[in-house]
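Chains as they are written, first to last, in the numbering used here: chain A, 1 to 282; chain B, 1 to 308.
Calculated from the structure, these hints are not laboratory results. A portion of the hints provided could be inaccurate.
To be verified - Here chain A is said to cover these stretches of chain B; the calculated rule only asks that three of the stretch's residues, wherever they fall, bring their Cβ under 8 angstroms from a Cβ of chain A:
| id | segment |
| --- | --- |
| 1 | 50 to 59 |
| 2 | 63 to 73 |
| 3 | 122 to 131 |
| 4 | 181 to 194 |
Here a beta-carbon is modelled for each residue, glycine too, at the ideal position from N, C-alpha and C.
Listed below, chain by chain, are the residues.
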Amino acid sequence: MTLSAQTTATDYADRALAGGVKPRRWGSWYIAEHRFRGMRAYYQTILATSIGNPLVYLFALGVGLAALVPQGIPNGEGTISYLAFVAPALLATAAVTVAAEESTYPYMMGFKWNPIFYAMNAAPLSGNQIANGMIISIVGRILPTTAIYFVVMVLFGAVPSALGVLGILTATLTGLAISVIISMYTAGIEEDKGQMAMIMRFGITPMFLFSGTFFPLASLPWFLQWIGWISPLWHGTELGRVLSYGYPEPAWLTAVHVVYLLALSALGWILTQRVITRRLNK
Amino acid sequence: MPAPVITATDLTKKYKDFAAVDGISFEVAPGESFGLLGPNGAGKSTTMRMVGAVSTRTSGGLSILGLDPNDHGPEIRSQLGVVPQADNLDQELRVRDNLIVYGRYFGIPRAVISKKADELLEFAQLSDRAKAKVDDLSGGMKRRLTIARALVNDPRILLLDEPTTGLDPQARHILWDRLFRLKEQGTTLVLTTHYMDEAEQLCDRLVVVDKGTIMAEGSPASLIRDHSSREVLEVRFGSDRNAIVAEQIKNAGDRVEVLPDRILIYSPNGEAELTRLTDAGLEPITSLVRRSSLEDVFLRLTGRTLIE
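One chain only, chain B, in its complex shape:
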């Protein structure tokens, strides 16, 4: 197995008494696509900033590309591409100039970055917007430009913090497609998300993070296999009856979760569960049988939903 590009051991970040990241350990292999899944405030962004070598850890070990960020911040950052949660493109500069200026930060000669900027605009499908003002771009275009900017230095590792939050579905799919291409080219991706579909699309392996600690680790499929059933039956009986019915069916399937608006019944066979309910005279207002997702894993592990 090749040496990991990121190794975190008992990584901790405290702000006064509050531990934003509380002793997490993980490794990322080269070319791997690794995700941190968790709700807002779980410590994902703080972890990303430490991995990005801009935030000093309070304790624990951290090695990026074999170097310690405490000693070699600039060296490590010269090999990273960073896509932050909030776009921080320079709005005073035009689209192409944003790439040029950023490339210069890495010491890339002007002639080289000029050519590279055109390639990246092509990749980000923004060639026709090269001279546009950043402000005039749509949200999805800004994100793509930010990703293009993160690629100016041909990074070994691309860090993406909530890459598609706030984008419409079409823009998200375009972005996923671009990220998938990078993954195919062998770029190591590390991303945080609170969208299960995003994690399932992009991550080979992920950790579920909550309150600064890792709750579980594995591929999306193995996490679902280990922490949930194959299928889920969702039934609604109306907000006043949900709790009453839940009490009657608490032994249904493998496990039952009661949410404010619906009841989830975990089972290898959702249809069979539904038949059993209706046979018992419990007719739900609506019902849905679906496959288990990472959302269910998260609910199981933390007792809470991802998006609250």
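Here chain A stands alone, though its shape is the one from the complex:
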């Protein structure tokens, strides 16, 4: 009798141990898969904005505004066309915009408005995996956006160097950095009191304006230049310029851009995991 009872208990435990293997290994991807399935419902909107945005921005700024700057922008010894100057900035900005959208409301949804994070956690998935899955899906959403953006840039003749194609990756990295920094905050929001509109208004928009997007950071008064230095968008934009038209900056500065973006991404990623894990374990 005792023997059979023990066997049964071991059976249960064995079955459970086996059942945990796949979710532990692949859980993050299951969540990303879920998110992509959800995005299918509005892929037409995603596609339309992904193509429409670069068309509108490159036309308005690269062609329209550029007409006011016929002499171009100083670039080392020579100059570069305003279109070529602004295009890498717009590419990075597109990544940041998608990152900001996907890192605000989806977390509020997942915890509060349609609390699917709790459902994921009730299944064998952990808080860390939920964070990973969200981040993977956000990167998966940024990457095609920047790729399409890049194609339109090429069509506009805005990418002088073949290396410019790497700008897809640096812009996506910029998006990732912004995304996780926002996520670690939004994942902890218990109640929507307009914080997300604040992020857009007082975070993303000023960053867009003061990150050397439309004019070189050096043209700003010195006491405003720090905004550029802390802004992931500035680092991403400068990286894009180096790749796209060989913007001459010291190699160490290029290294700083990469390290800064990677460091922010890693830090934000870990903190997002912690915030989600803590919030689920109540």
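Mind docking chain B on chain A? Use the hints.
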């Protein structure tokens, strides 16, 4: 006796100084249908979250399927089906897709879960709604879909937190029927409820929980037998006279409970009590003789009613 699938020993969960669950101990046998009965805020949901391996206990012992949730959360959860108090279906996905996506969380291959999803829709009587949006389902349908979702992994234990709260009577009966079938198939059910009729319908055994502690334990019948009389006479004399009359009849039956709107007289024979009252010239406005229920057990144990 087979080894229990859940063993809680002195299980405690504290939030700062407040003990939501204060040292409760219980065991659940495989195939058993076990209930936690208590009012809102009694600590039922917190207990369920600990048993569901998503909330870390503050102290005490907890073993689910022979494993400690602190070390083996995902492993334990791979064997559980969870029906939470508030539906958390993905409203951006359609009905069938909710099952598919959830099945993937357990690592079930796409082809397998696709077939399983159709079976579960059948079980939940939602086959004709497979492509509907979750938002367009009625409350009862959403609950059934949530239960279907909880079954994607053929769980050993199904945890149901207030499964029928907010549903109309017909929807509740459909749900009870589905749960009863699962019970017949040998699924272990653990459910919380503050409805006595639900506990009586579904539970083989239950614990009465109040303020984070267990007040009593047993089958619905034995709890009633041990903590109440066979019958109850309910009489109303009008809100202004209830208290006065209660004083006159305080020795009637086995025990008398005075509620704001009525007086309950516990006795093996309710009709006899009523006759005695009328013989004494106390004519109630309304009277009702009924069998004792878990509500009476709860009132006896805590001095309060379940639904306040």
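Against the structure, the hints come out as follows:
Chain A is given as covering the segment 50 to 59 of chain B, and this holds because 4 residues of the stretch bring a CB closer than 8 angstroms to a CB of that chain, at least three being needed. Coverage of a stretch by a chain is defined here by at least three residues with a beta carbon nearer than 8 angstroms to that chain's beta carbons; for the segment 63 to 73 of chain B and chain A the count is 5, and the condition holds. Counting residues of the segment 122 to 131 of chain B whose C-beta sits closer than 8 angstroms to any C-beta of chain A gives 0, which falls short of three, so the coverage hint is violated. With 0 residues carrying a beta carbon less than 8 angstroms from a beta carbon of chain A, the segment 181 to 194 of chain B misses the three-residue requirement, and the given coverage is violated.
Checked against the numbered hints listed earlier, the structure breaks hints 3 and 4; every other hint is satisfied.
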